[in-house]
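Protein chains: 2
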Amino acid sequence: MEFRIRFSGKSHDYTEEEIQTVVRTIKEAEPYTQGRHMQAFQERFAGYIGGGQAFAVCNATAALEMSAQLIGFEPDDEVIIPGHTFTATAYPFVKKGARIVWADMDLGTRVVTPETLAARITPRTKAIVVVHLYGYAADMPGIMDLAARHNLLVVEDAAQSLGTDVGGGKSGALGDFGVFSLHSHKNITTLGEGGVLWVKDERYTRIVPLLRHNGHTGFDFEREHYWVPAMGNVDMPELDGRFLMPNNFCLGEVECALGAKMLERIDRINAEKRARALTFIDALAGFPELEFHRVDTTRHNYHLLAARMTSGRRDEFMAAMAYQKGIQCVVQYYPLYRYPFYQKIGMGQAECPNTDRFFDHMVSFPFHHWLSDDDLEYMLDSTREVLLSLR
Amino acid sequence: MEFRIRFSGKSHDYTEEEIQTVVRTIKEAEPYTQGRHMQAFQERFAGYIGGGQAFAVCNATAALEMSAQLIGFEPDDEVIIPGHTFTATAYPFVKKGARIVWADMDLGTRVVTPETLAARITPRTKAIVVVHLYGYAADMPGIMDLAARHNLLVVEDAAQSLGTDVGGGKSGALGDFGVFSLHSHKNITTLGEGGVLWVKDERYTRIVPLLRHNGHTGFDFEREHYWVPAMGNVDMPELDGRFLMPNNFCLGEVECALGAKMLERIDRINAEKRARALTFIDALAGFPELEFHRVDTTRHNYHLLAARMTSGRRDEFMAAMAYQKGIQCVVQYYPLYRYPFYQKIGMGQAECPNTDRFFDHMVSFPFHHWLSDDDLEYMLDSTREVLLSLR
Chain A
1 MEFRIRFSGK SHDYTEEEIQ TVVRTIKEAE PYTQGRHMQA FQERFAGYIG
51 GGQAFAVCNA TAALEMSAQL IGFEPDDEVI IPGHTFTATA YPFVKKGARI
101 VWADMDLGTR VVTPETLAAR ITPRTKAIVV VHLYGYAADM PGIMDLAARH
151 NLLVVEDAAQ SLGTDVGGGK SGALGDFGVF SLHSHKNITT LGEGGVLWVK
201 DERYTRIVPL LRHNGHTGFD FEREHYWVPA MGNVDMPELD GRFLMPNNFC
251 LGEVECALGA KMLERIDRIN AEKRARALTF IDALAGFPEL EFHRVDTTRH
301 NYHLLAARMT SGRRDEFMAA MAYQKGIQCV VQYYPLYRYP FYQKIGMGQA
351 ECPNTDRFFD HMVSFPFHHW LSDDDLEYML DSTREVLLSL R
Chain B
1 MEFRIRFSGK SHDYTEEEIQ TVVRTIKEAE PYTQGRHMQA FQERFAGYIG
51 GGQAFAVCNA TAALEMSAQL IGFEPDDEVI IPGHTFTATA YPFVKKGARI
101 VWADMDLGTR VVTPETLAAR ITPRTKAIVV VHLYGYAADM PGIMDLAARH
151 NLLVVEDAAQ SLGTDVGGGK SGALGDFGVF SLHSHKNITT LGEGGVLWVK
201 DERYTRIVPL LRHNGHTGFD FEREHYWVPA MGNVDMPELD GRFLMPNNFC
251 LGEVECALGA KMLERIDRIN AEKRARALTF IDALAGFPEL EFHRVDTTRH
301 NYHLLAARMT SGRRDEFMAA MAYQKGIQCV VQYYPLYRYP FYQKIGMGQA
351 ECPNTDRFFD HMVSFPFHHW LSDDDLEYML DSTREVLLSL R
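Line by line, the protein sequences are chains A and B. Just so you know, we're using the numbering used here here: the first sequence kicks off at 1 and counts up by one. Just so you know, we're using the numbering used here here: the second sequence kicks off at 1 and counts up by one.
Bound conformation, chain A alone (with noise of 0.2 Å):
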């Protein structure tokens, strides 16, 4: 089926100039992998958030992955996942060892608190995994707060909330792991994959480059001639004794200096994508039949805009906004613990009552950036009409 508004899998469009930082990295960069340009994109992306140190990387789950190495979990050890995200946040933490206790999320805000959290914490509890579902910065001083009490590591998974803030500093670089999605559908892409690994703490900065790129690394002696051998050290990542199998999770040259170039625009993107949510929640005041998540602060970036639907009839507003109006909403992030890989492993259990009531009403409307203002508009008036024929 053809849509007038299809949910579309490509979150931007690329300007002149960054089609231009492409062209001439393509002519340039020498090596093409691995050279300045990733450098420069790691020193820009670490300052745009304030301090550590970033890692480029070829998705947002090998980030996540890598992270789980550095946790390192024992047999029995949890991980505490929001039941509402996408299935790679999860995934690698079972990769690497970890048991899966899922968390709920709050019904207002779709995201983890630190009570939705803490109601999870067993004396097996190693990690908790943040997720800024939709854009929007969890309560990272509060989640920070109970962490340190327990003794329990943080990951934050800002794949979708590049840009946004909490507490005086940015969504990705307050807890102890930050993991960023440059993906597709994402604020900026570069070119459709990458992604950022954040750390901060010198023991990790130290071994994520091996982790990284396949154990590369230096030779602890004096070479004879400095190109023999031309191809360095491989040696195995430690960490407090234990050996952590490395990993190719490269991005390429031409990605990270168009990362780079696009960090340029995503206070824009971010501030045009709210700005627009904003208007299309407020003009939908009058229908409590769809619940949005309003927040008119830095705090929520809208990468997406998703509405709880309270009259019941989600799938019938969705069929008449396809069939009659031909607009593409979609329903997102299953709980994970319905997918029969979860379940297979024994990870099908969860008390999530706000998830599963979020998810079988939820409504997310198409809302990638480029999307025009009649457009906005006609989904606007679209929903107002579909509404109103259900009441």
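Hints should not be assumed to be uniformly reliable.
Chain B side only, calculated, beta carbon under 8 Å to chain A, not exhaustive [to be verified]: (1) T87; (2) H183; (3) E193; (4) G252; (5) P353.
Calculated directly from the structure, the hints in this document are not laboratory data. Beta carbons: idealized from backbone N, C-alpha and C, even for Gly.
Fit chain B to the supplied structure of chain A, relying on the hints for placement.
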């Protein structure tokens, strides 16, 4: 130090037409990953190498890791891998539980042979990894006969040998799994990072998409409305009753479009490199100090131009080339069993006398495709002069 001819990490320049493919895809692709350009690239790649199914991945290491997963190693299972190769050939098998047994090379061809492999087979051997190193296709007909007799699976690491053939078929499509690299160093590259996993067995082709992309798959029930839930299903890849953990090894649309475009030029690049290599080798026929591997057929693409010094004066040769002539020759492919990485995990033992002998006397000349004819002539003259000065 600034070299007149450096050992470049960039294999080739891009033509204006190739750059325009990138620009056009940036402007047109939606989404920027996992779309029609990936499908088209995979089909064209499989067509180029003669059938089977090709899967675009973020790098060749990812393809090797998925091969290791598909093979499925039990504790103490062994995999035979050449000692003379890049570390990414080997460590993915360690990650997936295999014990590596190192095979020696043939001194003339620098690759493994049915004989050097046969010498390493034990009752625990489950698979063989053949590396077509330097761009020369090993004796796949003989190796496949050996594998059939011992019921072994064969992975071809064709990272450097794209486009070469042996026994009537293209390297990388002659075993059970084929691994290709599109890294910055390779004869064609998708902006610096990229790779392909090739398989033909339907048991594997069915689950590689899940293995590559987070376990994403379809639901096995009819959805009420096709857009509910929009996210699709997430399931556990299964093979012969074994669970295989998924990964995120995706390659973006722009890179895939460029890969498809570059396939038009791979045969020409290979032919040009081979012609130059033969010119260089033949011009040095009067210098037995340098022993090259001369192959004037499409079995060798001369991705790299390597020689063994028979005079025992390799380091002096390299120093003179660097300091007197400004030419950055390098030494490549440290025998893997000498690295701390493999020594620390108990895989530091090997009986590979040819590998040791070759490595300790080898020289790899700068041989990127964008070397000019003048550069090549200067390198030839310089090589002659340095060799004469060392007599």
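Exercise for the section: Run the structure past the numbered hints and jot down the numbers of the failing ones, going up. Expected result: Number 5 - this is the single hint that the structure violates.
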